[in-house]
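Using the sequences provided together with the hints, build the complete structure.
Just remember that this note's numbering sits 7 ahead of the position in the sequence shown, which is counted from 1.
Simulated from the structure, these hints should not be mistaken for laboratory data.
Ideal Cβ placement from N, Cα and C applies to all residues, glycine included.
Treat the hints loosely; a few may be bogus.
So the derived label-pair ranges between C-beta atoms look like this [stated by the list, open to error]:
| # | residue 1 | residue 2 | range |
| --- | --- | --- | --- |
| 1 | Asp-104 | Ser-18 | 28 to 34 Å |
| 2 | Pro-67 | Thr-108 | 18 to 24 Å |
| 3 | Leu-83 | Asp-113 | 27 to 33 Å |
| 4 | Gly-96 | Glu-173 | 30 to 36 Å |
| 5 | Lys-59 | Ala-22 | 30 to 36 Å |
| 6 | Ile-31 | Leu-182 | 14 to 20 Å |
| 7 | Ala-115 | Ala-196 | 31 to 37 Å |
| 8 | Asp-80 | Thr-108 | 40 to 46 Å |
| 9 | Pro-67 | Lys-103 | 18 to 24 Å |
| 10 | Leu-117 | Thr-180 | 39 to 45 Å |
| 11 | Ala-115 | Arg-181 | 34 to 40 Å |
| 12 | Ala-196 | Ser-62 | 24 to 30 Å |
| 13 | Arg-84 | Pro-29 | 48 to 54 Å |
| 14 | Ser-26 | Ala-185 | 16 to 22 Å |
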Amino acid sequence: MPIDFSVIYLSPLLADFSSRYPGIRFNLDLTPTQADLVGDPVDVAIRMAPPKDQSLIARPIARLGTVLVASPDYLLRRGVPAKPQDLLGHDCLRMKDAPWTLIHRDGASLSIDVQGQFVANNRGLLQQLALSGQGIVQTADSWVQADLAAQRLVRVLPDWTPPVVEAFALTATRLLPAKVRVFIDYLVANMPQADQRRT
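Structure follows, in structure tokens:
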């Protein structure tokens, strides 16, 4: 399971689920490394994108709306982007060294080959760097609600958003043990869905 998604979304659900099903035990691996669901002793994996391996069974469990944010200090020093192309002159905090796709509220989309000093495989770290004034980050809107409310972070290019991020529960087969099936069903039924209003 990815670290940030697990801490923010899964930890409260795990507490409730374990109280309902005290006989089910967990051995959790919070890592961005993708487990081999066929070869490794793994019942279910949670990933933030559909699997490339078409033999895996992927069940959607959440859709996360995303935003661009930065600290007021950073924007005071570097200026506030007025259009997506302005991001080319900014430090963008990235999960991977690849262009950002942005979608306008009217449905138009474009790709921007952003750059920046930091690339990391952990959104929590990138968010902390944004809070420290190191650049602009794209993140799930629900992850930064408290920082936005406290004005530690502010929206950047509010008419543009990165694509919705989907979380999937992956298994190697549809023939699941009862404990795995009940867990996945619980996630589907109880995962926060506030972000599904975003398209």
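Task: Structure-inconsistent hints, enumerated in ascending order - done: Hint check: 8 fails alone, others pass.
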